[in-house]
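In order, the protein sequences belong to chains A and B. Counting the first sequence from 1 gives a position; our numbering is that position plus 16. Counting the second sequence from 1 gives a position; our numbering is that position plus 38.
Treat the hints with care, since some could be wrong.
Here are some chain B residues pointing at chain A (derived, C-beta under 7 Å) [unchecked claim]:
1) 47
2) 68
3) 69
4) 70
Capping the alpha-carbon separation at 20 Å, the derived lysine to any residue pairs in SDA-like fashion look like this [to be verified]:
5) A:267 / A:146
6) A:76 / A:93
7) A:76 / A:47
8) A:267 / B:48
9) A:104 / A:139
10) A:267 / B:45
11) A:267 / B:44
12) A:267 / B:52
13) A:267 / B:43
Since the hints were made in silico from the structure, they are not lab data. Backbone N, C-alpha and C fix where the C-beta goes; we use that ideal spot for every residue, glycine too.
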Amino acid sequence: MVHVAIVGGSGFVGGELSRLLLAHPEVTKLQVTSESRAGKPLGTVHPNLRHHTDQAFIRKEDLNPCDVIFLAMPHGAAASEVSIWQNKATVVIDLSSDFRLNDMALYERYYGGLHTATHLCSQFTPGIPEFYRNELRSADRIAGPGCTAIAGILALRPLRASGVIEPRVYVDSKVGSSGSGARVGLGTHHPLRSGVTRVFKPTGHRHEAEIVTQCDVIPHVTVNSVDMVRGILLTAFCTLSHPVSDRDIRKIFREAYADEPFTRLVKRQGQAGYTLPEPKILTGTNYCDIGYALTDDGSGLIAISALDNLMKGAVGNAIHCMNIRMQFPETAGLTSISLHPV
Amino acid sequence: MTTARCISCDNMISIPTDVKLAEIVTCLECGAEHEVINSNPIELIAAPEIEEDWGE
Numbered sequence: 017m018v019h020v021a022i023v024g025g026s027g028f029v030g031g032e033l034s035r036l037l038l039a040h041p042e043v044t045k046l047q048v049t050s051e052s053r054a055g056k057p058l059g060t061v062h063p064n065l066r067h068h069t070d071q072a073f074i075r076k077e078d079l080n081p082c083d084v085i086f087l088a089m090p091h092g093a094a095a096s097e098v099s100i101w102q103n104k105a106t107v108v109i110d111l112s113s114d115f116r117l118n119d120m121a122l123y124e125r126y127y128g129g130l131h132t133a134t135h136l137c138s139q140f141t142p143g144i145p146e147f148y149r150n151e152l153r154s155a156d157r158i159a160g161p162g163c164t165a166i167a168g169i170l171a172l173r174p175l176r177a178s179g180v181i182e183p184r185v186y187v188d189s190k191v192g193s194s195g196s197g198a199r200v201g202l203g204t205h206h207p208l209r210s211g212v213t214r215v216f217k218p219t220g221h222r223h224e225a226e227i228v229t230q231c232d233v234i235p236h237v238t239v240n241s242v243d244m245v246r247g248i249l250l251t252a253f254c255t256l257s258h259p260v261s262d263r264d265i266r267k268i269f270r271e272a273y274a275d276e277p278f279t280r281l282v283k284r285q286g287q288a289g290y291t292l293p294e295p296k297i298l299t300g301t302n303y304c305d306i307g308y309a310l311t312d313d314g315s316g317l318i319a320i321s322a323l324d325n326l327m328k329g330a331v332g333n334a335i336h337c338m339n340i341r342m343q344f345p346e347t348a349g350l351t352s353i354s355l356h357p358v
Numbered sequence: 039m040t041t042a043r044c045i046s047c048d049n050m051i052s053i054p055t056d057v058k059l060a061e062i063v064t065c066l067e068c069g070a071e072h073e074v075i076n077s078n079p080i081e082l083i084a085a086p087e088i089e090e091d092w093g094e
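Pulled out of the complex, with its shape left as it was, chain B reads as follows:
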């Protein structure tokens, strides 16, 4: 297990060492979702949000 800091709230997130690129990891404190863009060392970006078209 390794750790990375949450982009949103600075909480430390535990991440499995075998995490794969493009995997989504969630901060347990604030719920922010991150996409893994580099696994060694770990680099995270905010995961893209699912957009709602409101039925249009």
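Chain A with its partners taken away, still in its complex shape:
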């Protein structure tokens, strides 16, 4: 049983963390900070929490020491404050982008500035249970990956590691509006965002850097805004390095994810509309579904992944990491089944 805290609890990630941690069977106490909402009940910002808790947001300075702290802060804030939080808790799990990269040249290229806590980057373990489970068991600093990043990494890493694809890959990621965060902007305000299918970032998306780091590929990532609230559907066009069969690819994914509780191979026959991964039926769950298709001429492969960007793309994955680190059952607090239809 653990005491946990969320620093930066008023955003979508903070709300989703609150939702899951309030119901987590191993969490006995939860503190949630918000400088702008201190003193107000969590339910005033996250209405889905009404009647589940009457606790209020607290200021950061009032946060008591605990076992695990989740940082749900804006880009840059975690790097400047992490030294404070690592004195407050044994385990710090950062959901921002601040500690995802160890290569500072890569960081500067994608983030356009110098890192303010370079010396701490190497202390963070990538929060990707599928590939860092053993390291996570003893990690006191964990960096949650980006949502498009983990979708791309889970689709591409086994393929590249097995040598069946060439390094250069073309990635298309369709992302729901919650990926833009809770703050309203000119591109995200509902009247301007609703109904949109829009190229958000044709090149140079920040999550591309994590795919480079984790998969030994040369990716070109395009991120598109589509008309859904939650979800990512990612397709990656790959060139095969040698001829392979459908069964060869299935075997690669099966062996990579056979024992994974949240990463599933979905490539099915017969059920119209549900033969390959799609994000809608994963809403609110921690699953990442992986599929693929070979091109007719045998030269290419489309790798496909789908997930809920707030769950497997952020919060659910971070709680999975906590479960591993604290030696809880890996699926604790993460066993909900999604709504269908929704």
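For chain A, the structure is supplied; the task is to place chain B on it using the hints.
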């Protein structure tokens, strides 16, 4: 319960020991449907697909 390999994806399919000839068993991994043509030992073939006449 016994097992047989999926014709389509090689996944192992669990099959009840009292399965009957011509029964349809479905692979949980890829969804492929198989017809049981021998129950002891188990032999499977791809189940015939329902054909669509597109209203003609």
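Checked hints:
| no. | hint | verdict |
| --- | --- | --- |
| 1 | 47 | holds (5 Å) |
| 2 | 68 | holds (5 Å) |
| 3 | 69 | holds (4 Å) |
| 4 | 70 | holds (5 Å) |
| 5 | A:267 / A:146 | holds (16 Å) |
| 6 | A:76 / A:93 | holds (13 Å) |
| 7 | A:76 / A:47 | holds (10 Å) |
| 8 | A:267 / B:48 | holds (9 Å) |
| 9 | A:104 / A:139 | holds (17 Å) |
| 10 | A:267 / B:45 | holds (14 Å) |
| 11 | A:267 / B:44 | holds (13 Å) |
| 12 | A:267 / B:52 | holds (19 Å) |
| 13 | A:267 / B:43 | holds (14 Å) |
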